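Protein chains: 2
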Amino acid sequence: MAGTVTVPGSSVPSTPLLKDELDIVIPTIRNLDFLEMWRPFFQPYHLIIVQDGDPSKAIKVPEGFDYDLYNRNDINRILGPKASCISFKDSACRCFGYMVSKKKYVFTIDDDCFVAKDPSGKDINALEQHIKNLLSPSTPFFFNTLYDPYREGADFVRGYPFSLREGAPTAVSHGLWLNIPDYDAPTQMVKPRERNSRYVDAVLTIPKGTLFPMCGMNLAFDRQLIGPAMYFGLMGDGQPIGRYDDMWAGWCVKVICDHLSLGVKTGLPYLWHSKASNPFVNLKKEYKGIFWQEDIIPFFQNATLSKECDTVQKCYISLSEQVREKLGKIDPYFLKLADAMVTWIEAWDELNPSATPDAVAAAGNGKAAAK
Amino acid sequence: MAGTVTVPGSSVPSTPLLKDELDIVIPTIRNLDFLEMWRPFFQPYHLIIVQDGDPSKAIKVPEGFDYDLYNRNDINRILGPKASCISFKDSACRCFGYMVSKKKYVFTIDDDCFVAKDPSGKDINALEQHIKNLLSPSTPFFFNTLYDPYREGADFVRGYPFSLREGAPTAVSHGLWLNIPDYDAPTQMVKPRERNSRYVDAVLTIPKGTLFPMCGMNLAFDRQLIGPAMYFGLMGDGQPIGRYDDMWAGWCVKVICDHLSLGVKTGLPYLWHSKASNPFVNLKKEYKGIFWQEDIIPFFQNATLSKECDTVQKCYISLSEQVREKLGKIDPYFLKLADAMVTWIEAWDELNPSATPDAVAAAGNGKAAAK
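If you read the protein sequences in the order shown, they are chains U and L. To convert, note that position 145 of the first sequence is 145 in full-length UniProt numbering; the numbers rise steadily by one, no gaps. To convert, note that position 69 of the second sequence is 69 in full-length UniProt numbering; the numbers rise steadily by one, no gaps.
These aren't lab readings, by the way, just hints derived from the structure by calculation. A hint or two may mislead.
Because identical chains share one entry, a pair is satisfied inside a single copy or across any pair of copies.
In silico lysine to any residue, SDA-like type, Cα no more than 20 Å apart, as pairs [said to hold, decoys possible]:
id, residue 1, residue 2
1, Lys117, Arg198
2, Lys326, Pro161
3, Lys288, Phe162
4, Lys122, Tyr199
5, Lys191, Arg151
6, Lys275, Val190
7, Lys117, Ala202
8, Lys275, Lys285
9, Lys117, Tyr199
10, Lys275, Tyr199
11, Lys329, Asp339
12, Lys122, Ser197
13, Lys191, Pro161
14, Lys122, Arg198
15, Lys57, Asp74
16, Lys285, Pro161
17, Lys285, Phe162
18, Lys288, Arg165
19, Lys284, Pro161
20, Lys191, Glu152
21, Lys191, Phe162
22, Lys288, Leu164
Since this is a predicted model, take the numbers as computed values, not measurements.
Construct the entire structure; sequences and hints are all you get.
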């Protein structure tokens with residue numbers, strides 16, 4: 001089928017896909033020994049390590065990896081006063097890595113995640129699957145009951161409109177986790193021994209108009225298509241909330257993808273999530289979020305973006321205004337967050353000047369004038 | 001978890017679930033030898049066989065099954081002039097079986113479908129899985145990335161609003177097919193050798209606001225919740241179209257389920273679809289539908305039902321009016337179909353008097369008056 005990515009199964013490809021077009025972003029507070037297991041899959045790529053916490057601590061990276069490491073001092077130096085939009089003492093800091101990347105694609109992973117095995121016992125090359133997901137279209141406008149129609153051995157089923165079979169560009173690929181599932185504190189407490197052992201061999205598009213809980217543990221996206229919306233909010237040190245960084249990004253991203261007709265996929269690849277975080281610590285971080293999400297989700301379900309919002313940046317600024325106006329009533333935190341959303345976009349455009357819409361437009365005009 | 005149905009894996013349960021509350025509806029033109037393979041799973045249940053085509057032909061049913069068989073003469077006798085809403089020479093005739101059933105649940109299956117095996121090599125009890133799907137809630141309002149949260153070993157992930165974790169009643173369970181996938185004629189022609197061998201171990205709710213191509217080959221539903229919307233339309237003999245019977249029902253059902261906050265699930269169970277139908281014959285039946293669906297799907301995506309539509313019947317009559325008004329412009333066929341939709345509801349209410357809203361209301365009033 002046209003549009004299908006024909007790369008070998010989950011073996012290590014001889015020429016790594018998108019070798020010079022993808023960065024791997026890793027937030028961490030410890031030595032990155034976990035990379036040893038990923039070496040066959042990650043070593044060809046550039047890593048962006050965002051060191052959280054004490055910047056004077058040295059983080060060891062296994063030999064042979066190509067990386068840049070940014071600690072809090074670097075973030076402050078690079079962003080100046082705008083560094084206020086980057087969270088501290090929370091994995092939300094990872095979004096700084098999205099901003100300084102110069103590549104078209106980003107894959108981000110937590111440092112307690114390891115290589116999982118598929119049901120045949122073979123190591124899963126998670127990055128390769130994400131790339132397949134991103135390089136093949138999505139189907140947000142109508143549901144295909146045989147899942148991803150672009151996958152080998154699958155197609156659109158009877159009754160799927162032919163006009164929609166080209167699909168939409170894929171902006172986000174959301175992967176899953178075997179072993180420790182991504183549960184909130186209450187569920188962790190109620191089901192301390194629950195492990196995810198079900199390998200669901202599917203990738204599917206989350207339909208237009210439907211929100212989902214996006215987890216940042218195993219996530220890839222197209223920076224050019226959706227990067228400026230991948231802001232992980234204000235979490236951790238000095239903030240009333242934690243563990244909602246990826247959720248916040250996911251709500252914003254999905255609303256904007258729906259508006260711009262971009263696709264969001266979830267499902268494969270799985271990785272092995274090794275360690276459950278402490279549910280008591282998590283409850284402390286989450287409990288305001290547990291209340292707030294009851295209002296935030298209807299807010300995002302009803303958020304609308306005007307026709308004038310034709311870039312991710314414009315969409316994001318419009319969302320920040322709606323956050324200020326509608327969520328500011330819930331708690332002053334959201335006023336601060338709305339400000340930070342604007343700062344984030346300013347910082348993004350400063351670090352990515354060629355990607356700003358004005359610059360692109362200007363470049364386009366220049367070319368036209370030169371003809 | 002509360003709401004989880006705790007029945008054994010895919011083994012034959014000692015007491016069949018819903019034994020006296022479920023009918024199996026089978027449309028056919030031939031002897032039902034295929035039932036032999038289903039005997040361990042189907043024998044405890046009542047079958048409703050709808051014989052299509054020549055009513056003088058005798059259909060053999062293997063011994064030991066409890067069944068009623070209706071041929072065209074029976075349909076004409078039972079419905080009188082209203083029999084015009086039941087298709088002839090098309091498997092759409094099966095919906096007559098939904099109407100004459102007196103049970104709460106219906107499972108319908110094609111006679112070229114056999115028992116499939118799960119990846120461990122065990123026979124899949126498709127009916128049992130459908131019942132599990134119907135008896136556990138759906139999650140139409142927000143997407144759960146670990147699929148069915150009510151399944152053993154699964155739950156709602158972090159970021160899933162707690163207010164939505166009770167879910168919604170499940171009205172429809174849509175199962176899938178191994179071996180021959182449910183493709184349209186063009187796809188059959190382009191990929192004559194494609195077989196579905198991917199077993200995706202998941203059940204998921206199709207989100208509110210999203211339409212899907214519902215296939216009638218392997219389908220179960222709650223008659224009380226959604227029965228009157230399960231009309232398979234006018235297809236086959238004397239009609240300009242075929243092979244869109246289940247699609248039509250699926251579009252109507254999904255719009256009404258969304259309006260009434262009912263859930264629609266898809267995924268497990270699989271069955272083994274043995275034989276591809278002739279793509280040339282199929283193309284002849286389908287080709288008008290291939291054009292029309294480009295208009296019909298946006299029509300259903302934009303259809304709205306008022307607050308007054310608080311029963312399936314009222315919703316369905318409202319849809320019939322919208323079909324007449326908006327789709328009638330495409331082809332006079334839709335005017336005839338809109339009429340048939342009304343006739344269907346009249347016939348349904350005639351055969352199911354206690355289930356009509358007025359009768360229920362009257363019974364309620366009677367009780368109140370007697371106090």
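Okay, the hints, checked on the actual structure:
{"no.": "1", "hint": "Lys117 / Arg198", "in the structure": "both (12 Å within a copy, 18 Å between copies)"}
{"no.": "2", "hint": "Lys326 / Pro161", "in the structure": "between (38 Å within a copy, 19 Å between copies)"}
{"no.": "3", "hint": "Lys288 / Phe162", "in the structure": "between (46 Å within a copy, 13 Å between copies)"}
{"no.": "4", "hint": "Lys122 / Tyr199", "in the structure": "both (13 Å within a copy, 18 Å between copies)"}
{"no.": "5", "hint": "Lys191 / Arg151", "in the structure": "between (35 Å within a copy, 14 Å between copies)"}
{"no.": "6", "hint": "Lys275 / Val190", "in the structure": "within (17 Å within a copy, 47 Å between copies)"}
{"no.": "7", "hint": "Lys117 / Ala202", "in the structure": "both (15 Å within a copy, 18 Å between copies)"}
{"no.": "8", "hint": "Lys275 / Lys285", "in the structure": "within (18 Å within a copy, 56 Å between copies)"}
{"no.": "9", "hint": "Lys117 / Tyr199", "in the structure": "both (9 Å within a copy, 17 Å between copies)"}
{"no.": "10", "hint": "Lys275 / Tyr199", "in the structure": "within (19 Å within a copy, 29 Å between copies)"}
{"no.": "11", "hint": "Lys329 / Asp339", "in the structure": "within (15 Å within a copy, 51 Å between copies)"}
{"no.": "12", "hint": "Lys122 / Ser197", "in the structure": "both (15 Å within a copy, 19 Å between copies)"}
{"no.": "13", "hint": "Lys191 / Pro161", "in the structure": "between (43 Å within a copy, 18 Å between copies)"}
{"no.": "14", "hint": "Lys122 / Arg198", "in the structure": "both (16 Å within a copy, 17 Å between copies)"}
{"no.": "15", "hint": "Lys57 / Asp74", "in the structure": "within (13 Å within a copy, 84 Å between copies)"}
{"no.": "16", "hint": "Lys285 / Pro161", "in the structure": "between (45 Å within a copy, 16 Å between copies)"}
{"no.": "17", "hint": "Lys285 / Phe162", "in the structure": "between (47 Å within a copy, 17 Å between copies)"}
{"no.": "18", "hint": "Lys288 / Arg165", "in the structure": "between (42 Å within a copy, 18 Å between copies)"}
{"no.": "19", "hint": "Lys284 / Pro161", "in the structure": "between (48 Å within a copy, 17 Å between copies)"}
{"no.": "20", "hint": "Lys191 / Glu152", "in the structure": "between (37 Å within a copy, 12 Å between copies)"}
{"no.": "21", "hint": "Lys191 / Phe162", "in the structure": "between (45 Å within a copy, 16 Å between copies)"}
{"no.": "22", "hint": "Lys288 / Leu164", "in the structure": "between (41 Å within a copy, 17 Å between copies)"}
Checked against the numbered hints given earlier, the structure satisfies every one of them.
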